[in-house]
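2 protein chains.
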Amino acid sequence: MHTNYTALKTFISFFVTPTEPEWDDFLSRVQTKRFEKGENLVSRGKTCDYLYFILDGFARHCMLDEDGVEITTWFNTPGSLATDYAGFTIGDPQPFEIQALTPVTAMCISNHDLQILYDKSKTWERMGRLINQFYLIQLIKRNNGMLNKSARERFEEFSSTNQELFRFAPLKYIASYLNITIETLSRLRANTY
Amino acid sequence: MHTNYTALKTFISFFVTPTEPEWDDFLSRVQTKRFEKGENLVSRGKTCDYLYFILDGFARHCMLDEDGVEITTWFNTPGSLATDYAGFTIGDPQPFEIQALTPVTAMCISNHDLQILYDKSKTWERMGRLINQFYLIQLIKRNNGMLNKSARERFEEFSSTNQELFRFAPLKYIASYLNITIETLSRLRANTY
DNA sequence: CCAAGAATTTGATATTTATCAAATGGCTGT
DNA sequence: ACAGCCATTTGATAAATATCAAATTCTTGG
Chain C
5 MHTNYTALKT
15 FISFFVTPTE
25 PEWDDFLSRV
35 QTKRFEKGEN
45 LVSRGKTCDY
55 LYFILDGFAR
65 HCMLDEDGVE
75 ITTWFNTPGS
85 LATDYAGFTI
95 GDPQPFEIQA
105 LTPVTAMCIS
115 NHDLQILYDK
125 SKTWERMGRL
135 INQFYLIQLI
145 KRNNGMLNKS
155 ARERFEEFSS
165 TNQELFRFAP
175 LKYIASYLNI
185 TIETLSRLRA
195 NTY
Chain L
5 MHTNYTALKT
15 FISFFVTPTE
25 PEWDDFLSRV
35 QTKRFEKGEN
45 LVSRGKTCDY
55 LYFILDGFAR
65 HCMLDEDGVE
75 ITTWFNTPGS
85 LATDYAGFTI
95 GDPQPFEIQA
105 LTPVTAMCIS
115 NHDLQILYDK
125 SKTWERMGRL
135 INQFYLIQLI
145 KRNNGMLNKS
155 ARERFEEFSS
165 TNQELFRFAP
175 LKYIASYLNI
185 TIETLSRLRA
195 NTY
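Each protein sequence line maps, in turn, to chains C and L.
To get our numbering, take the position in the first sequence, counting from 1, and add 4.
To get our numbering, take the position in the second sequence, counting from 1, and add 4.
No wet-lab data here; the hints were simulated from the structure.
Treat the hints with care, since some could be wrong.
Any copy will do: because identical chains look the same in the list, a pair fits if it lies in one copy or spans two.
Here are the simulated lysine to aspartate or glutamate pairs, EDC-like style, with alpha carbons at most 16 Å apart [to be verified]:
(1) 153 with 26
(2) 145 with 69
(3) 37 with 53
(4) 126 with 60
(5) 124 with 187
(6) 153 with 71
Given only the sequences and the hints, what does the whole structure look like? Please build it.
Okay, here's the thing in structure tokens:
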């Protein structure tokens, strides 16, 4: 048996077109990991050493706010990247955590190897730039999508684009992501109010 | 008289350390622009062709929501970068606008020149990656700062870190940025409620 | 399959924030 | 300096959402 890199290669090819030797170098540093439901891809207080590409499954990012309350800040769906962005890039342990909501299969590369690739070739440097840019745009959209919107509108927008997450994530995580209470989310869903 | 590149060079040196010829190449593509209060650095419906580095003054980013209501999505302070991120990188005209809140002096480089620099040298490619990353982290923080926070808390956090903006931006822009009404912002400031 | 715990729903009520209306204050161009 | 136009404040009220409490449903380990 051999590892299937198709999905990862497709994702990367969206940004850059590496040469064959570059691909070989890159893929030799990639490993596949599996996480059971409830396991952590990244744990609070530890340095996040890997950048993950989610092949299959769902995960959520969470952190503690000032009052020690856990808030969900992001969801990962298949085909997306997962890392503790601030921690990964700065290299410090962060108050962040990434948890598998379902069994998750992910490919990953270590921060160490990624830095080596960045140094080796402009292709990877460019990939890094474009992926950062890609996420920047996503985040700007999420950001702007929270503005000028009521709880109901945020809920409706979320439901229409992330229907599948209702099957995998408990309401409390979605409620936290939308900045509303569990009860309100339950009522919005039931269309009371 | 000659242009003073000190602030820009300091900013860039935070990310990369270009060689002298690289600096010369870069700076030869940079121009200084001045905008009067109320002028647009980027106009709605036009492609944003420049990346700006704000030397002096304040600006705001805004866009129209689905109902045609203008919302403020970001503020620029001296020493920060300004561009219509999505529009600049994708190259399409966007429903975005950047307005000078005060007279603004900015250095800028065209998208065209920036792409040339990216192609020419890994230094600039890396600068692009790191700047994107820098903004990504900022945005993640803003994002998370909106979660699990009441209007009052968002206001208090904003006031404590952006006091100077109250001098330059009308309340309506700040209210929009914080996703509260002008009246509520006025009351929070007066400490009614 | 059952029991225990967790997740979700529902109800009653309180709090926060928005909305509408009007008064006051500040700024700008002539 | 003045008129006219915004910006800001203040008040009264309504609407949205949170909070607290309890009932119900779902899930999971044994």
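One pair to classify: residue 37 and residue 53, alpha carbons no more than 16 Å apart. Within, between, both, or neither?
within (14 Å within a copy, 42 Å between copies)
Homomeric proximity label, residue 153 with residue 26: Cα distance no greater than 16 Å
Classified as neither: same-chain Cα gap 45 Å, cross-chain 46 Å, threshold 16 Å.
Up to 16 Å between alpha-carbons, please classify residue 153 paired with residue 71: within, between, both or neither.
between (25 Å within a copy, 11 Å between copies)
How do residue 124 and residue 187 come out at 16 Å by Cα distance, when the copy is not named: within, between, both, or neither?
Neither. Shortest intra-copy (52 Å) and inter-copy (56 Å) distances fail the 16 Å Cα cut-off.
What label fits residue 145 with residue 69 when the C-alpha limit is 16 Å: within, between, both, or neither?
between (23 Å within a copy, 12 Å between copies)
For residue 126 vs residue 60, is the C-alpha pair at or below 16 Å within one copy, between two copies, both, or neither?
Neither. Shortest intra-copy (30 Å) and inter-copy (34 Å) distances fail the 16 Å Cα cut-off.
When each numbered hint is compared with the structure, violations occur for hints 1, 4, 5.
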